[in-house]
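Those sequence lines, one after another, are chains G and P. Under our numbering, think of the first position of the first sequence as 3, with each following residue one higher. Under our numbering, think of the first position of the second sequence as 38, with each following residue one higher.
Nothing false has been slipped in among the hints.
Below are the BS3-like pairs computed for lysine-lysine, each with C-alpha atoms no more than 27 Å apart in a straight line: (1) P:Lys216 to G:Lys150; (2) P:Lys141 to P:Lys124; (3) G:Lys173 to P:Lys59; (4) G:Lys35 to G:Lys58.
Worth flagging that the hints you see were computed from the coordinates, not collected in a lab. Please read all numbers here as calculations on a predicted model, not as lab measurements.
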Amino acid sequence: MAVLLPYLYTGGVHKHGLLIELMEDLGGYIIQKVVTGTEVNLIMLVPEKDVHIVKKLSDELLGVLMEAPLTGVEIAVVSPTLASHHLPHSACDVAEYLRHPGANTNMIGLARGMGRRVSLSMDYERKLINEHDIAVFSFGSFSDCITKKKPKLFEGIEIPIVVTGGPAELKTEDVPGADLYVGNIGRVSHRLRRTEEVNALESLNEGVSKIADNIRKQQAKDPLAVLPARVMKEIENQVPEIRTVLSPAPLTLQLDGLRVKLPYDEFHEKIEKLEFDEGVTLSELANISRSKMKNYILIKIKSKSDVGFAI
Amino acid sequence: MDSLETFVVESAIDSEKEFYRKIIEDNLASLKLAPAIGRIKVVLRPEDSLFQMAIILRDVGTRVTTIDIADVEAKPVAGEVVILIKKEQYIPELLTKLWGRYGKANISQPDRWTVAISTDRPAEEAAFLKEMMVADPRHRLHENLVEFAIRATPEGFRVRYHLYKDNSFVFVASEEALKTEWIEEAGAMLDELMKGGKT
Chain G
3 MAVLLPYLYT
13 GGVHKHGLLI
23 ELMEDLGGYI
33 IQKVVTGTEV
43 NLIMLVPEKD
53 VHIVKKLSDE
63 LLGVLMEAPL
73 TGVEIAVVSP
83 TLASHHLPHS
93 ACDVAEYLRH
103 PGANTNMIGL
113 ARGMGRRVSL
123 SMDYERKLIN
133 EHDIAVFSFG
143 SFSDCITKKK
153 PKLFEGIEIP
163 IVVTGGPAEL
173 KTEDVPGADL
183 YVGNIGRVSH
193 RLRRTEEVNA
203 LESLNEGVSK
213 IADNIRKQQA
223 KDPLAVLPAR
233 VMKEIENQVP
243 EIRTVLSPAP
253 LTLQLDGLRV
263 KLPYDEFHEK
273 IEKLEFDEGV
283 TLSELANISR
293 SKMKNYILIK
303 IKSKSDVGFA
313 I
Chain P
38 MDSLETFVVE
48 SAIDSEKEFY
58 RKIIEDNLAS
68 LKLAPAIGRI
78 KVVLRPEDSL
88 FQMAIILRDV
98 GTRVTTIDIA
108 DVEAKPVAGE
118 VVILIKKEQY
128 IPELLTKLWG
138 RYGKANISQP
148 DRWTVAISTD
158 RPAEEAAFLK
168 EMMVADPRHR
178 LHENLVEFAI
188 RATPEGFRVR
198 YHLYKDNSFV
208 FVASEEALKT
218 EWIEEAGAML
228 DELMKGGKT
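Just chain G, same shape as in the assembly (with noise of 0.2 Å):
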C-alpha cells in the first residue's frame, strides 16, 4: 500500500482545479476543501513518491504547498465551561492554531468543569471527548489546581491527554494522567499573540504532532482494515446528499475512522451497505455507531488483525 503524506496547499482559486485533478490521478485524496473570497486551502493526502510532481504544480500556480502533520485528526479542544473566563482566550485560540497543521478540532465546554472541589465532567461528555482522537484540555494559572485538582477530569477519558495551563514551570510528569503538559497558555483576557505566548502554541503543535505520530506508528504494527480517507472518498461517490450538508468538514477525518455528518436515523443503512470494489460493504470492516456530537454517524474501522484482511 503507497504511504500518504499530508500536506495543505494555500493559494489562489484560480485554476486549482488542476490540483485537484493531479490529485485524482495520482490516487491521492483531498480531506478539505476550504475557499475563502480568492484564496483555497486544500489539505490533502499525497502518495510520498508523487509530492515533487504536485510541489511543480503547485509551485506553476504561484501557491504555498506545506507539511500538514495533523491532517485527519480530530481534537477536542476541552474547557473547564463555555464563560469568558476561558473563552474565547486562550481555549478558541488553542483551537484556532491547532488547526493551522490540519487538524479539525472541536471545542467542547463542560457543564461543570469549573472550580476546585466541585469541578467534574458527566458521562455523556467523557465519552463525548472519547469519541475523538486527542484531547486539549486548557486549564487555567493556578499550578495547585493544575496538579492536584483539575485532573480527576480526566477520569474516563481514553484517549491520549494534552494540557494546557499558565504555569511554565510545571513539567508533564507533574500532571497525573496527561501525556503532555504545555505551559504559557494560562488564563487570559487577551488574544495569545506576545512573543512567549505565539511559542507556546507552537510548542503545543509540536507536541499534539508527535502524538499524532505515535498513534500512527502503533497503528502501523496493525493496520486499519481500510484507510480513512477511501471511506470518505467512497461516501462522497456513493451518498450524493453529503455534498448538501453545509457543515465545513461534513465529513471529518480521524486517525482510526471518521465522523459523518448526516442524521443517523436516515443514512446509516446505507453507509453500512457502501461498497468498495474488492466487494466487500463497510459494514464488514467497520463499527458504525451514533455519534453523541449531535446525530451523526461515527465510523471506527476496525484493525487488520480483526477482520483478517485489509483493502
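Knowing the structure of chain G, use the given hints to seat chain P on it.
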C-alpha cells in the same frame, strides 16, 4: 489620587501573581475602569480557594442633570419645550426618561441636536426638566465594578461577598462557605489602602 497609583497583587507563587495582574489589567481596560480606580489590592490563595480584593475609587464625577448637557427652552405659544443638546453621550438616558414621562407620541427629534416635547404647561415642564437627573455615573460604576470583580475571579469561586460604600469596594470570593475572617482580612486590606496604599 492618581489612577492606579497603587496596584498590588499578592500570591504565594510569583508567576501566578503576574498572570492575575495581567488578567486584572485586561479586564480593567475592557470595562474602561482604569481611570476610576485609585488603589487596588488583590490577594490570591488558591490552596484555600480564596480571592480577596479591595479597591479605593477616585472621584467619579457628580450626577448629570439636563441643564449640564443641554439648553432647555419653553415655547408657550407653540405649546412646546425644546431641548437643544450640547453633549451627545447622554442622549439615550435622556430619551428614556422623557419617553417615560411624556410618551413617545409627544416627543419628536427634528434633527440630531434637537428634542421637542409637546405639552400643555411648557413653562412648568421646562423648569422641571432643567433640574431632572439624567444619569448617575456612580450607578454605572457600581455595575461595572461588580462585572469586573466577577470577570477577574477564578470561575469556580461562586460564593461571593461584596461591599460598595462611599468610594471603596471590597470583594471576597471562594468556592467554600465564606469565613468571617476572610471578609475581615479584606476589610484590613482596605484600611491599609486608605492609609496610603504602601504595603
